[in-house]
Structures are given as C-alpha cells and as structure tokens.
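Visitor: Listed below are the residues making up each chain.
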Amino acid sequence: MKYRLKIAQETADVDAFSSGSEQNIEFIIGEETYHVGYRAVSNNCLHLVVDGKAIEAFHIRGGHGKHVFVNGRSFLVEDADQLPLRRGRRTGIDQAPGDVTPPMPSVVVRIMVEEGDLVKKGQGLIVVTAMKMETTLKAPYNGRVTAIKTTVDAKVAPGDILVEIEEEEPENE
Amino acid sequence: MFKKILIANRGEIAVRIMRTCREMGIQTVAVYSDADAAAAHVLEADEAVLLGESEPSKSYLNINQVIIAAEKTGAEAIHPGYGFLAENPDFAESCETSGITFIGPPSRVIRDLGNKTLARTMMEKAGVPVIPGMLEATTDPALLYQEAERMGYPVLVKAVAGGGGKGMRIVSEQEEMEEACLSAMSEAEKAFGNGSLYLEKCVESPRHVEFQILADQHGNVVHLFERECSIQRRHQKIIEETPSPAMTPSLQDAMGNAALSVALASGYVNAGTVEFLLEPSGQFYFLEVNTRLQVEHPITEMTTGIDLVRLQLEIATGKPLAFKQQDITRRGHAIECRIYAEDPEANFFPSPGLVLLHREPAGPGVRNDCGIYEGFEVPVEYDPILGKLIVMAGTREAARMRMTRALESYVILGIRTIIPFLIDILKSSEFAEGNTYTDFIDHNFRDWTQKMEDADLARIAYVVDEMTSSAKPSATAKERGWPTPWETLRAWKI
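So the protein lines, in turn, are chains A and B. According to my numbering, the first sequence is numbered sequentially starting from 1. According to my numbering, the second sequence is numbered sequentially starting from 1.
Keep in mind that the hints are not guaranteed to be accurate.
[To be verified] Here are the simulated DSSO-like pairs of lysine-lysine, each with C-alpha atoms no more than 27 Å apart in a straight line:
1. B/58 x A/155
2. A/53 x B/427
3. B/166 x B/201
4. A/120 x A/138
5. A/121 x A/149
6. A/138 x B/166
[To be verified] Here are a few chain B residues that face chain A, going by a calculated C-beta distance under 7 Å:
7. 351
8. 357
9. 408
10. 456
11. 457
12. 460
13. 463
14. 465
15. 468
[Said to hold, decoys possible] If you want the footprint, here are the derived chain A segments under chain B, 3+ residues with CB under 8 Å:
16. 5 to 18
17. 31 to 38
18. 47 to 58
19. 62 to 69
20. 101 to 115
21. 130 to 142
Source of the hints: derived by calculation from the structure; they are not laboratory data. All C-beta atoms in this analysis are idealised placements derived from N, C-alpha and C, irrespective of residue type, glycine included.
One chain only, chain A, in its complex shape:
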C-alpha cells in the first residue's frame, strides 16, 4: 500500500509491504526501511516493535487527519492525497500567511480598525486573548480593510478569517 503522509510541512512517501506473516509489515519511508511488528491493543493504542524496539503508539482522529503520539511527542498526521484544497489555501495549522486568523482558540478583546481603513503591513488589527495571554493579529500586507468578520467578546478559532484585507498592488517604480 502506498500513502503520502504529511506532518507539519513535511510530506513523505510511505510504502507498506506485508512480509508474508500476518503481524509483520515492512515500511519504506523516503530512504529508510523499517521492519515493524504490530498488535492493536485497543481502538486508540498500538503496540509496535520497530526494528526490535518496542513502542506504544496512541492515535485518534482529529482535524484533517490523525493525532499520533509516540515517545512523548504528538504529531498531526495527514493523508496528503485527501486534504481538502480551498483555492490553493488551506485552513488548519498551516494557513496561508496572508490570513488574519488567531493562532489558537481565543476571545476577541479589541478591534483596532474599521471597514475601509488603509492598513500598513505589520499594523495591529485585532487583539485576542486566551488563558490570560494577549496577542495582536497584524496586517499581513499593505491594503484596505474590506470586511470585519467578528465582534468584541466573540470566540474565535484558527482558520476563522477575522479581517479581510484587499491587498494594495505593489507599486512599480
């Protein structure tokens, strides 16, 4: 079986071959080969023996993929062939850098611009707070505010576009 699996910004080709006996799979990921024995312990837990070393892996569906835990680290693993494409932009952890969206679930504290305002790249637009920490969302480029799509005290999440800005055409000199 072949997969293309994405973690953060890294996509890797994964080939899995059942190697005769039932509980063994050979994996080729990029340049690396792994011999894997496995047992499903529960719906969310796998016991893996990878090249002779025992690992307990936990997994659960979430976002556009699965959250997977190994050795104290958790990763969001996504099937690159099944990720929804939205006009070349994607919501989730890796938004296009041009979107004004909060990094984490948070609450809007202040809105510092109005529709029609001209804003400069880096100018503060909206202050959001989560768990006693405040952060300022800044304009990604020079432009004009065409819509404010939130209100003070609104609960917002990553992927929600809070301010729409029409980018100013860079001037040719």
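Fit chain B to the given chain A structure using the hints.
Guide: Same frame as chain A, but now just chain B:
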C-alpha cells in the same frame, strides 16, 4: 477538625486539596463558573456551587459570591488554593468577619507581605539580606531614572503590587529605561490597579531558591528545606526540584535561618514560601513571601513525607505543630514539571480545546496532580496549567531519568502541551549537570522546535491503524453496543 470546607479554586489544585479532605473525612464544597460545570474539581467534590459567568471577575474572583456559597452550604472554612483570591487580604478579611476560617495566614500578614517595599523594609530590619534597591515605590519616572543611575545598570523595574512577572522589566542600559518604565506602569495599572514602580539591582545569573515554611498559631515555626525553581519561561516556573543542585550544608543553614527570621518578623501563620535569589558566589537575597500553598509544594511532600494540605488544615483549627525543626528529614530527590496547555513552538501561546485522548504516566515514584480528563474541554478563560507531574527517586540523576520516562509516556492528544519541550530540557546536558539559572531557557532553548526524528514512527502508526482498523468492526458502533449489519444479516447472497 472541620466537618466541611469550601475550596475557592479550580483545576488540579482544587482536586489535590479535596483528596486530602477525603482522607481526613472532611466533606468538600467546590465552586465553579459556567465554563467549568463539568470540570474535574466539580466532579471530585461532595457539593458544588455555581458562582457565575466564566469571566474570573464574575466567578472565582467574586469575594461576595464565594462567601455566600460557604454560608449557604455550611462550610466552616475556605481553602483558597493558589492564584485567584489566595493572596487577596480583602478576601481573608471577609472570611474573618463572616466567621469563616480562612486556611492561610491572617489578613494583616497577607497585606504586609503583599506590599513589596514594606516587606523589604521589614526583612532588612530583621537582618535578612535584601537586594539593593528602592524602599519606596513611585509613579514619577524622573525619580526612577535618577535611582537607576545611582544603582548602576542593569536594573530591574518592578510593580509594587506585582506578581507573575507582570509589570516587571529588565533594563540593561539608560536608553531602554523610559520605554520600560512607561510600559511596566501601564501594565501594572491594568493588572493590579496600581501603577507604582520601584527598582532593584539586577542580580545576574541567579538561581531561584525558595524555602517552605510552616508556622502554627502558638509561635512554633519550622522550615521544610528548599526548592529550586530556576527553569522559567515568561518569569513563570515550569520545572522545580529539591534539593537544589547548588545546596551545601552551610548554605542550607544560613538560608533556612533567614527563612525562619522572615516568618517570625512577619508574624506568619500557616504554610508559606520564602523566595530568594541565589548568586553563583553563594550570596543570597530575600525576594518575597508567597502567603499560600505553592504550585510546586508536592516535591517537598515527596521528599519529607509530610502532607502540607493536612498540616494547613490542622494549623487552621489551632493545633500545634507536632514536630520540631530537628525532627524533619528528607530523603532522595524530587522533580516537578508543570504541564501547560501551550504551544512551545509559538512563543508558548495558550492552546485550549478538547482533550481527545488522555493517558497518565504511572510506575514507581510517579505522582500526577491533574485537573483534566479525556473529553474535557479546556476553557480559554483561565491559566493554561493542566496539571503537574512529580517524580521522586534516590538521586538527582535517577529522578531526571524517571521524569523523562514519565513524560515520554504521558499521552495528551487534541491540544498542544509543553511536554515535548520539557523532555528536551530534561535530556539536555546543561540540566543534567545542574547548571540551572533563571535565564536557562533564553540561554539554551530559545527558538525551540519539535524534533522530527520520531515523525516516521508516527507515519508508521498511522498506516498500521489504517490497515488494521478496516479489519475490525466499526469502533463507534461497537462502543455504543449497537449490532452492525454484518452481525444481524447472517448468511446472505448477492
């Protein structure tokens, strides 16, 4: 002993206090906000009272509502935990005037020690070394510039009513002074309603070392040794340990005696913590007193075998301490890691949300004081601490390895936590060698990113699950106990 007490807090500390109450046969009353209706501390308590909206000022910080809850449920005493109302002298006073026992020091002591400059003057008189600095706070920037010149840079700008790093700035040269004073003043004004600032000489490369004290109502005072809490981000501790790697018998005597002097000078009662900065030279300075149970109290409990919450309750009922200083011993080494819901790759921005999967570490010498559970939605309104993982072992090195093992088996999926960041600190040679100073993270772990060496293992787990889960019946249908069509259809043909 009390029959019933109210715990005016939430999360892991409320759960931890209730556990001791259960062991002592004391009934517990939880208080909660709209966001916390199904929080762990509400589920742990015998009774629970809704305070109000999720906004802290309308619930956990609302003195009137808390007192009314205690009166309504017949609670004889209130344990404030840490944070929220724990160091609010008006709250302690309201308890006193309502005839409810406040489990902590008298309001007068909280008020005196909460005023940083008054506390400094008090300690100087008692012969406790304090950091050279101003004894009077001011809102006059000109006076601050003049004092800074006199003291010499670097200086520390601090809010007189401050705490948790708010209203605090390190200024290394004259040019930065104006901006630092103005921003600290406005931050302190907003956070504490008091913009007064004072200056302290900046102690370079210090360790944060604090002493746990206990004082009963009969004038008996003891200390339970030190904790080192140098590993901090945003001036907030994330890893604490005891003993301090820098401790020597003579230093322990000197600092322990200073801590006792602090307790006596302030008329202290109940559990408290005297914080010091320790220079590489062995010179130490009084910092402040935290007039409450500390977040990191479990490492002292692990090494001394003393349940601090039990003693707090006994002291509050007027019972004298059953031991003297020379009776207290400690063994082994304990480390605590605070488990924060934060993204260590995004400047520690909080990461609230739904806990999809939660598996706690176990094994010898492992304790997890935890305020979340699988299926709990971590609210956005409160401090991002989820719990604290504590280990104890015979030596520092064994405790370090044990903590690493415990962190590596702590599964929290659905929200980001600082666990992978903690693992990398624990594994670093700087930590292993005990080179722990308050600038440790800035110095060694600035711009930390997640190690990707286990990413292939995660991909393998993903694929194995894909290949095996198709072979087993639908998990959700099975969990609900509903038969699937494959089970009900019996033999069939196309």
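Visitor: Check each numbered hint against the structure and report the violated ones by number, ascending.
Guide: none
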